[in-house]
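Residue strings, one per chain:
2 protein chains.
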Amino acid sequence: MIDYLIEKIKKTGAPIVVGLDPTMKFVPEHIKKAAFAEKGETLEGAAEAIWLFNKEIIDKTYDLIPAVKPQIAMYEQFGIAGLIAFKKTIDYCKEKGLVVIGDIKRGDIGSTSEAYAAAHLGKVQIGNNYYAGFDEDFATVNPYLGSDGVQPFINVCKAEKKGIFVLVKTSNPSSGELQDRLMKSGTTAGAEQGNNGTGNISFADRPLYEIVGEQVAAWGEQLMGKYGYSSVGAVVGATYPEQGAVLRKLMPKTFILVPGYGAQGGTGKDLVYFFDDNRLGAIVNSSRGIIAAYQNEKYKKFGADNFADASRQAVIDMITDIDQAFISVGK
Amino acid sequence: MIDYLIEKIKKTGAPIVVGLDPTMKFVPEHIKKAAFAEKGETLEGAAEAIWLFNKEIIDKTYDLIPAVKPQIAMYEQFGIAGLIAFKKTIDYCKEKGLVVIGDIKRGDIGSTSEAYAAAHLGKVQIGNNYYAGFDEDFATVNPYLGSDGVQPFINVCKAEKKGIFVLVKTSNPSSGELQDRLMKSGTTAGAEQGNNGTGNISFADRPLYEIVGEQVAAWGEQLMGKYGYSSVGAVVGATYPEQGAVLRKLMPKTFILVPGYGAQGGTGKDLVYFFDDNRLGAIVNSSRGIIAAYQNEKYKKFGADNFADASRQAVIDMITDIDQAFISVGK
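Protein sequence lines, in the order shown, are assigned to chains A and B.
Position 128 (the first sequence) corresponds to 128 in the working numbering; numbering is contiguous.
Position 157 (the second sequence) corresponds to 157 in the working numbering; numbering is contiguous.
Among these hints, one or two may not hold up.
Chain copies aren't distinguished; within one or between two, either way the pair holds.
Stated by the list, open to error - Keeping only pairs whose Cα atoms sit at most 25 Å apart, straight-line, the calculated PhoX-like set for lysine-lysine is:
(1) LYS301 with LYS10
(2) LYS87 with LYS123
(3) LYS25 with LYS184
(4) LYS226 with LYS300
(5) LYS25 with LYS158
(6) LYS253 with LYS123
(7) LYS158 with LYS8
(8) LYS123 with LYS39
(9) LYS33 with LYS123
Honestly, the hints are just simulated from the structure, not real lab data.
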């Protein structure tokens, strides 16, 4: 699946992904009005509103971008109706040829991760039939439970030609509380036990995110694609460019999903060190900055009626920003 | 919410929770046949089968136990239909007076955790109305993103009188890969920044799970109940009794949800040190060991037709096992 994503990035010249994370605050009044008129001020009405909102943004941007990243929490908050809108969004994006990264951040003990992997990337067997529950192309995965919480996702990726991005260094302000903690040199207790079975590995003091980064790189060897990158990727926030540069070197075959551009504070020049010399190796997400562009001073001229045109312009500007950042460092 | 759970535990004399984690392998043939006859060998058919399976187990055990813990992954794998069965299970358990712990292990950046918290413990505003998406009583939360991924859950708990259990030391074999890593003494980089704003805390070398345990205890101060325990609890696996004993002392006001009893290997005598001298402070989960008891040699005499009677007997035996373990150490 990473090969297909890379081909889409090359074709569009846009190493970006649009985060489809709708909240009711972002949805223009005329869309809410139409949705509520049909389904009432209910969970179903809200779900209809975010679906109509998404659809218009997808229609106005799909030709410019390789991928979208719907954040399932934004749908899950509207219960079953919201998750139906999540599924409709996935299916519609795939119809439009977009790669769909389900931002689900699941991760659990082995048997439970198996169920999550089946839900989002694979299929379940029912009698003699097989069904896909949500069927994204990629999913984000939380590594806190270790290898046996991640491997079931990798197994499904192998079978279904899908991919994952494992959280390494997240974009939020408090990500350092655990992820930046220095791990003592030579730590061996339980280390790698699920990974290579040997147990003992020695290393110098270094932060937890580096340990996780190396694990991700090791897991990735199982799913290498033809362009030198693995379908087991990593999440590293745009808001931590120095750590991004370190991780880029530590995980040379790991594709990096980079959240935190735009509204969270990351800019094009923060991002160039996440990429290799061929402008590959990373894909940058923007959510609010694109989908709620019409609420931003810069794009106000479009107005709420043309909110999706504002999103299209924001995509074009983001591609230009990253392009200029590449040029400025000679990439 | 922790007060209500404690009262239910005292009333039943059973510090246990039944994990409603159905898979198709556990569902007896006669139930599958009935469900498939009505809805076909489809996602809807599978969801109907697990709902019928759950309902019978709930009907046969609800008077003995304080709480249930449905694992959402087991429902999510059946897509929308599965999540409808999850919601039906929650509602039915609450009708029966059971405390419902949604085992969802969510956790994300602040704005996203807000959405998850609203989805599972709180309400969303739509127009002038407020709706609850799933409405569990407790949810499990992943701490990898730090304070700003956890605090939104705590805020909703305050408003809605709900609770959470934060993953500290999980029950799976590879939990040590990250959680047991020794953190270097005196580490300060980014530490506690989202927690108390001071940044610098010094400490001796110790494993990550202790750091997380202390954070959980600190977060818990915001939600203390009248019996000396907080509505911010912790997850610590029965499979790691030594760590459980350490954590019990480190987090004296933290209620501990203990998975891993039974099928995962934990026994009654492993568990006594998770509890205080009043037999409180912890609640032990068993999933497969209860819901699939009829498939176990010990309960085979019940037969598939009476699978829920086997579950009832397994609950009674589990209560006895823990009770005897208490007696053996004079608790």
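Output the indices of the hints that this structure fails to meet, ascending. 1, 3, 4 and 6
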